[in-house]
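If you read the sequences in order, they're chains W, D and G. In terms of numbering that gives the first Met the number 0, the first sequence opens at residue 0 and continues consecutively. In terms of numbering that gives the first Met the number 0, the second sequence opens at residue 0 and continues consecutively. In terms of numbering that gives the first Met the number 0, the third sequence opens at residue 0 and continues consecutively.
Because the hints were derived from the structure by calculation, they are not lab data. Given the structure is predicted, the values throughout are model-derived calculations rather than measurements. Any given hint might turn out to be false.
Stated by the list, open to error - Below 27 Å or equal to it, Euclidean Cα-Cα: the simulated DSSO-like pairs (lysine-lysine) are:
no.	chain 1	residue 1	chain 2	residue 2
1	G	426	G	438
2	D	74	D	90
3	G	502	G	155
4	G	394	G	429
5	G	502	G	480
6	G	394	D	18
7	G	69	G	12
8	G	8	W	37
9	G	246	G	50
10	G	438	D	7
11	G	287	G	155
12	G	447	D	18
13	G	394	D	98
14	D	18	G	12
15	D	98	G	69
16	G	429	D	79
17	G	365	D	114
18	G	447	G	320
19	D	18	G	246
20	G	417	D	79
21	G	438	D	79
What the hints assert, rightly or not - Some chain W residues close to chain G (C-beta under 10 Å, calculated; not the full set):
no.	residue
22	0
23	3
24	34
25	59
26	63
27	70
28	79
Note that beta-carbon positions come from the ideal geometry of N, C-alpha and C, so glycine has one too.
Spelled out from the first residue to the last, the chains are:
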Amino acid sequence: MSTVFLALQTNEETRPIIEAILQDNPSAVVDEQPAMVKINADGRLVVRRQTIEEITGRDYDLQELQVNMITMSGNLDQTDDEITLFWKA
Amino acid sequence: MAVAAVSKYEFAPADTQDKFHGAQLLYIGWEDHLLFCSPFAFPFPATMRFGDIIAGVLPGVFGYHPDFAQIDWAKAEWLKSGKPFQPDFDKSLADNGLKHKDVIRFRTPGLTGIKGSCS
Amino acid sequence: MDMTVAKKKLGLKERYAVMTRGLDWTPSYQKMEDIYPYIAYEGIKIHDWDKWEDPFRLTMDAYWKYQAEKERKLYSVLDAYTQNNGHLNVTDARYLNTVKLFLSGISPLEYVAHRGFAHAGRQFPGPGPRVACLMQSLDEIRHAQTQVHAVSNYNKYYNGMHDFHHAHDRVWFLSVPKSFFDDAITAGPFEFMVSIGFSFEYVLTNLLFVPFVSGAAYNGDMAAMTFGFSAQSDEARHMTLGLEVIKFILEQDPDNVPIVQRWIDKWTWRGYRVLTLVAMMMDYMLPKRTMSWKESWEIYFEENGGALFKDLARYGIKMPKCAEQIALEKDHLSHQAWSTFYNYAAAANFHTWMPDEDEMEWLSSKYPNSFDKHYRPRYEFWREQAAKGNRFYNKTLPMLCQTCQIPMIFTEPGDATKTCYREVDYKNEKYHFCSDYCKEIFEHEPEKYVQAWLPVHQIYQGNCFPEGTDPTVEGFDPLAKVLEYYHLEHGRDNLDFDISEDKKNFAEWRGQATKNV
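Okay, chain W solo, but in the shape it has when bound (with noise of 0.2 Å):
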């Protein structure tokens, strides 16, 4: 399966947020580099606002990411639950 991935800068809000892709995906990498967190995944990867939630305390919306984002790879479906990037081939 092709990578999918999601680059955030590296700041205390993507702490969490990072640290719970961590959580739901097993199979996402962690790459840093100046200033931005790159997270690899093997052909699909989730960002779960229920587990940000659970991490920081508060509700979160998914949206906010929008904020911090820097690029992404990979098709992209998203909710008021999750966000999903993911390869069909």
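Put chains D and G on the given structure of chain W with help from the hints.
What follows is chains D and G alone, placed relative to chain W:
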């Protein structure tokens, strides 16, 4: 093929010879000497003697290269549009068959740039 | 009085439906083809515009909210950076030349992209892509503004940035990015979306922004880093738009596939040629390097683009053929580009220099198959000559490619010792190209490219001197007059970094910043 357009799509080319104030464009490249990053473009009158380019123009253009002083012009091999070409140094550009926007290049056998790197 | 019961907030999907399709209407007294006159002539067939959906499902109200937050963050960083004399914290003054290149080469394109997406959005009958284009159009003008804003602080101290927009429309090498975008916005709305939305934003933008912004962070340039990341946060949405538009067009009708494939082939190559500037920036202009051009091409194009085209294979879309040639060029591109700017240092709005010994070692380790063999001897010669006071300044104008407008600096695929020459005769006029792909693009639409404003030819036609110049006077110096036309000051904005005012001032100011004077 043609441009997909909502109406007739026809425009005059930007670089026809009439726009160059009596000159025509000639491009010249020196093979195996990429220290000069690209071939050059020159506006020359069609009546200009070919030898005057070699003697009068090229030294100022390529003279920085240590190989330039060693060129034996009698042995230089010429190409025009990639095909062998024999310029007559005493004839004009027009009489040598050179037209607007023609490209010529020369190879100088034995001279292959800085330390043989084609630079 | 009735009590109103607070309704549950709409979910993302319903909100998106209400705020996009829900705001559209079917015209009753005007014909669709009169309202959307540009939608048919490119040959693309769309049967159901409602099939298009933004996967982020971003609506205008949420858009304003998050964009405002991005702006607040950006300006607080920018203010802090400026208040702290941040410009003196960059690695060394050579770095500033990347900022000059970015401001004059890229920022004006952001503005043109703003116009392009506004135009494309207006032309699409579907509310989904229309709203997405509107957002992207607003993003792009924000990028232009924040970049100009961020760099204006550098302009107070350093040369070459004072009239970037004037330069963009005139300076020889800036015709490369300019003509690229002009080509895109003069195409129809669908080709524009494939060229900029897909090929540039999705396939190539990572190669521009990620290394540049990461490089800025690595070199202590917080201003560029912050506008870069702020712009990049929009980019993820643009990439998604680009990919969705492609999938949407391909799913609508099988007849669309060959048209889209040709556009992808064309625009991948056109975009790649523009990225020549980025290649040299990464390998030569960042004093502290993040990764080589070749490495970033391998990660972001070969690996990531490979995954993308594998995914698109189900529609019958193939990896552009030019990828093979690009793979051959990746060992050479940045070196050939830097040699070019070293040649023409007298005619550019930024400085160039020869890499020092450590940097040569780095280049040789990153490019083991090409650097020592082809480029090191050239550089060592230039360095020796410069040390003797004989720095090379090429004063003769180069031959340009009719399509990409880059000087003919590229070598034959597979042979780095031979310049690649291609030509075509079209209606009794000769045209020259740097590559098979630029030639193919011309041959497909010759009427478009015969109009190219090639800087070298324009100079020879006498169109690039200040008004009132008489080129026939005794001792006429064309380069001086061309620089005047560019609004560049000889000896200040151009020439080698070593003798520049930037270098001298930076050393002096940094000295003042670290000790009591």
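Hints breached by this structure: 8, 14, 15, 19 and 25
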